[in-house]
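Asks: The primary structure of each chain is shown beneath.
There are 2 protein chains.
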Amino acid sequence: MDPITSLLGSLPPDFYITDPDVVAKYLTDFRHFRTGASRAVLRPRTTAEVQRIVAACAAHGVPLVPQGGNTSYCAAATPSPLGGELVLSLERLNAVRAIDPTNLSLTAEAGCVLSVLQEAADAAGLMLPLDLGSRQSCQLGGALSTNAGGISVLKYGMARDLVLGLEAVLPDGQLLNVLQPLRKNNTGYDVKQVLLGAEGTLGIVTAASLKLARKPAQTVTAFLAVAEIDALTTLLARAQLLTGENVTSFEYISHHSLGLLLAAQAGLRHPLEAPARHYVVMEAQTCSPLLGLEEAMAAFLEEALGEGLVNDGTIAAGGQQRDQLWYLREHIPEAEVANGGSVKHDVSVPTSALPSFISQASALVETHGAGGRLSIYGHVGDGNVHFNVVAPAGADPAGYKPWFEREVSPRVYDLAVTMGGSFGAEYGIGIVKLDLLERYGDPAKLHMMRALKAALDPANLMNPGKVVRA
Amino acid sequence: MDPITSLLGSLPPDFYITDPDVVAKYLTDFRHFRTGASRAVLRPRTTAEVQRIVAACAAHGVPLVPQGGNTSYCAAATPSPLGGELVLSLERLNAVRAIDPTNLSLTAEAGCVLSVLQEAADAAGLMLPLDLGSRQSCQLGGALSTNAGGISVLKYGMARDLVLGLEAVLPDGQLLNVLQPLRKNNTGYDVKQVLLGAEGTLGIVTAASLKLARKPAQTVTAFLAVAEIDALTTLLARAQLLTGENVTSFEYISHHSLGLLLAAQAGLRHPLEAPARHYVVMEAQTCSPLLGLEEAMAAFLEEALGEGLVNDGTIAAGGQQRDQLWYLREHIPEAEVANGGSVKHDVSVPTSALPSFISQASALVETHGAGGRLSIYGHVGDGNVHFNVVAPAGADPAGYKPWFEREVSPRVYDLAVTMGGSFGAEYGIGIVKLDLLERYGDPAKLHMMRALKAALDPANLMNPGKVVRA
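Sequence lines, in order, name chains R and U. Residues in the first sequence are numbered from 1 upward in steps of one, following full-length UniProt numbering. Residues in the second sequence are numbered from 1 upward in steps of one, following full-length UniProt numbering.
Don't read these hints as lab results, they were simulated from the structure. C-beta atoms are modelled at their ideal positions from N, C-alpha and C, and glycine is treated no differently. Among the hints, a few may not be true.
Said to hold, decoys possible - Counterexamples of contact, computed for chain R against chain U with all Cβ distances above 12 Å:
1) Ala37
2) Arg92
3) Leu176
4) Val194
5) Ser209
6) Gly259
7) Gln265
8) Ala363
9) Arg373
As the list claims (entries may be wrong) - Restricting the straight-line Cα-Cα distance to at most 20 Å, the calculated cross-link-like pairs of lysine to any residue (SDA-like) are:
10) U:Lys211 / U:Val96
11) R:Lys155 / R:Lys211
12) R:Lys344 / R:His368
13) U:Lys155 / R:His255
14) U:Lys215 / R:Arg135
15) U:Lys211 / R:Met419
16) U:Lys155 / R:Leu241
17) U:Lys211 / R:Lys344
18) U:Lys155 / R:Gly165
19) U:Lys155 / R:Arg160
20) U:Lys155 / U:Arg238
21) R:Lys344 / R:His255
22) R:Lys155 / R:Arg135
23) R:Lys211 / U:Thr35
24) R:Lys211 / U:Gly157
25) R:Lys211 / R:Lys344
26) R:Lys211 / U:Val96
27) U:Lys344 / U:Val96
28) R:Lys215 / U:Gly133
29) U:Lys155 / R:Ala217
Just chain R, with the same shape it has in the complex:
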């Protein structure tokens, strides 16, 4: 009997599904880069069931591909097309185990959808600071296993920074329980850090304790037209100074991206009178009902307009106008899709180098990109630019995009790395960026990665072929 048949035979039938029509839903990644094969999808309901499955896979030598909401941009949760791996879906492991409002912590299982956790925190009078565009479908285990970023990183940090405790099943089936929601716990190696961001290649995250924050009592949102790209970092510094580092988001939108979106969605209005080359959606928040955040934001805008750093700007008058401004930022990816999709470069540089990177990388595409259309947006406070390129109007995206990735993308990545930056800010490695990691990664880092993989998953059964080649 082959190993998968033996394995499935050793598990209760309600642990998995084999109906090919159902299984098929788990086999293609979100961006349709890859379609894999899996004879079954394992769907544990408890951590104990995860342990039983992982131990059985270890015994039978069957590799696992853990999957949450399947929203990876790097095909990190898609099995190999050869059919020797099984998908392990965490979607039924979805209990909110505890909320401690005094300790400002929430403990929940890997399969919880992010928006469900946000709602649970809200119902407890608090806020979960982790927020991503995919909040309606991504799951906690995936967000932690990819150290997700998102739009609140400026104030609250990456997913890793929000984790107080972790529960995971190690490749041999052992349960790692360091789930206590403690803010200080210096007792030996912080082993949870090894699993966070490892994309399921070193074990299966089953639950985590996360930091919560107090709900904002005041939110002020503005949309700015910025005269020169060099002004972006100055503007953010001024805004942080005047608002007391209460800027939660400072999101850059190039005129290219806004133009794509306004062209793609006819009902949308430009939020400002006169067009500009650069825009910013910024938001400041405080849980204090007393501090004068609106006055601080107004003082910031007045100063920026007075000095000519900003040509025009508007502060949202209410929740509806706020939603309209955020709509613009969040629907750029859809506008790219409406134009045949984009070649994405998820790049970061030191924030001091961000304006220069955007200028130089844009010039590269103008010179070498054969008419490709830029779509640039990103998180100024983190130095993370989504530097995307859409096929020229009229060109076939299916032909243009692979050409660009082969011929021009290396120049974009070289530029970022030369400027002290990274070829991968928040999407992770998965399968898609393995070559980039091997090209740009520090050799001693790659050595450490292989050593960690070999030490913790010697049989290479945890999401094999992702992040690190065995």
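Following the hints, put chain U in place on chain R, whose structure we already have.
Replies: The following block gives chain U in isolation, referenced to the frame of chain R:
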């Protein structure tokens, strides 16, 4: 020839010192728990010299004990008394390599004294948020290798949370260079996390890039007399709400600790009129010159007094009064030393359990402690209590302390762990807490620790015997 003689012969003579009088200064830990032996102290001036030393040690099989400011509370930087190890002092590797005010980052070498880095950040118009009582002597490499905490953790996090990039020499002499000061960089395993907090057992930290923060434009410091210990967490929550989470420190001082200090230092005055059982030194800061932080703090104090949560309180009128309030908090350890020193329990619990832990643990000492005097202080926002016990007046501390550690301390640790807490919040493991780690540590965590140690330092040459037994 013995391995150490061969090793030293292979290195330039200006790499090390052998004068026994000088070497002796490196051999006893800060708390005088242990005195070790080392035939020389290796003192590299550059990362390349560290690499050469580590590679030579690997070749000759000589173990290294890295040492920074030698301020460990757990004898983490003290060599074995058997003399087979060499101390590697990082003190001459002490350049500030770069400050990027726009990127809010500082890159510096391991041997930099913390206060020197604080001054460098200050001179650049910014602030290094890492701050410890030992700031005048502790060094960056040690602070990162122990994931130091301190008095600003509430707002800025532990040392780990401040690290953007790291440079280290691995046990085989390879240079790990992931030093780029990037806020987002999801490119494979975050290997720097493995070295942070590892107490030099997996490699030698040589440099790091740290986050900087904006300098406070406003600082408001208060001293509160708190009626009931249960009110501590409520008070902190109220203060955070009204000040917009700008509370940087919320430090508990028990009447025991304040009493010890006032008795030990005759010139000191009690800052409030009437004595109470519980006190808090709290500080709020904002970089904004506009926000009404003083008004928010005054509103908090008025509300707390009105509800009887606070019996009495004072807000410092200026820098001098602020220094006086902080003096009380920072000199408690000296008052303990003046009374023969203390048995220290560096415990953390979820903040929701903090008042209950303090009450229950105090009752334990009253019942079983044979008259030992409590000295309790700590960081309410982190759940970290320094639960210390001084020998009874008139008793010999040299006899009392070991007795207490053997007979009563296990009850204190059991209580903390039973309440979901930790036996070690910020001091680390070193040699002193190895037994506690093996007793209370999660078995799968200990398994992972041994696997990481074996994978990265298979010859066990990096600070052997610390943190994890080979």
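Asks: Please go over all the hints and tell whether each is borne out by the structure.
Replies: Quick rundown of the hints versus the structure:
Look at alanine 37 of chain R: its CB is around 26 Å from the nearest CB on chain U, clear of 12 Å, so calling it non-interface holds up. No Cβ of chain U comes within 12 Å of the Cβ of arginine 92 of chain R; the nearest lies about 23 Å off, and the non-interface call holds. For leucine 176 of chain R, the condition that its CB be more than 12 Å from all CB atoms of chain U is violated, with the nearest at approximately 4 Å. Remark: the non-interface label on valine 194 of chain R conflicts with the geometry, its nearest Cβ contact in chain U lying 7 Å away (cut-off 12 Å).
For serine 209 of chain R, the condition that its CB be more than 12 Å from all CB atoms of chain U is violated, with the nearest at approximately 9 Å. Here glycine 259 of chain R stays apart from chain U, with its beta-carbon at least about 26 Å from theirs, past the 12 Å limit. With 12 Å as the threshold on Cβ separation, the claim that glutamine 265 of chain R sits away from chain U holds: the shortest Cβ distance comes to roughly 29 Å. At the 12 Å boundary, the C-beta of alanine 363 of chain R stays outside the reach of chain U, the nearest C-beta of that chain being 22 Å off.
Annotated as non-interface, arginine 373 of chain R keeps its C-beta farther than 12 Å from every C-beta of chain U; the closest such distance is 25 Å. Distance check on the hinted pair: lysine 211 of chain U and valine 96 of chain U sit about 14 Å apart at the alpha-carbon level, within 20 Å; holds. Annotation: proposed proximity of lysine 155 of chain R to lysine 211 of chain R holds, straight-line Cα distance about 13 Å (limit 20 Å). The hinted pair formed by lysine 344 of chain R and histidine 368 of chain R meets the criterion: a straight-line CA distance of about 16 Å does not exceed 20 Å.
As the CA atoms of lysine 155 of chain U and histidine 255 of chain R are separated by approximately 37 Å, the hinted pair breaks the 20 Å bound. For the given pair, lysine 215 of chain U sits about 35 Å from arginine 135 of chain R by alpha-carbon distance, which is inconsistent with the 20 Å threshold. Straight-line distance between C-alpha atoms of lysine 211 of chain U and methionine 419 of chain R comes to about 19 Å, which keeps the hinted pair within the 20 Å bound. With a C-alpha separation of about 16 Å, the suggested pairing of lysine 155 of chain U with leucine 241 of chain R holds against the 20 Å cut-off.
The hinted pair formed by lysine 211 of chain U and lysine 344 of chain R fails the criterion: a straight-line CA distance of about 28 Å is larger than 20 Å. A distance of roughly 19 Å separates the Cα atoms of lysine 155 of chain U and glycine 165 of chain R; the hinted pair therefore holds under the 20 Å criterion. Only pairs whose Cα atoms come within 20 Å are accepted, and lysine 155 of chain U paired with arginine 160 of chain R is accepted, the gap being roughly 17 Å. Distance restraint check for lysine 155 of chain U and arginine 238 of chain U: the Cα-Cα separation of roughly 15 Å lies within the 20 Å cut-off, and the hinted pair is therefore satisfied.
Of the pairs offered as hints, the one joining lysine 344 of chain R and histidine 255 of chain R holds, with about 17 Å between alpha carbons and a cut-off of 20 Å not exceeded. Between lysine 155 of chain R and arginine 135 of chain R the alpha-carbon distance is near 18 Å, which keeps this suggested pair within the 20 Å criterion. At most 20 Å may separate the alpha-carbon atoms for a hinted pair to count; lysine 211 of chain R and threonine 35 of chain U exceed this at roughly 41 Å. Restraint check for lysine 211 of chain R and glycine 157 of chain U: the C-alpha separation of about 12 Å stays at or below 20 Å, so the hint holds.
Of the supplied pair hints, the one linking lysine 211 of chain R and lysine 344 of chain R is violated, its CA atoms being roughly 31 Å apart against a limit of 20 Å. A distance of roughly 33 Å separates the Cα atoms of lysine 211 of chain R and valine 96 of chain U; the hinted pair therefore is violated under the 20 Å criterion. Taking the CA atoms of lysine 344 of chain U and valine 96 of chain U, the gap is about 34 Å. The hint is violated against a cut of 20 Å. Of the supplied pair hints, the one linking lysine 215 of chain R and glycine 133 of chain U is violated, its CA atoms being roughly 33 Å apart against a limit of 20 Å.
Distance hint between lysine 155 of chain U and alanine 217 of chain R is fulfilled; the C-alpha atoms sit about 19 Å from each other, no more than 20 Å.
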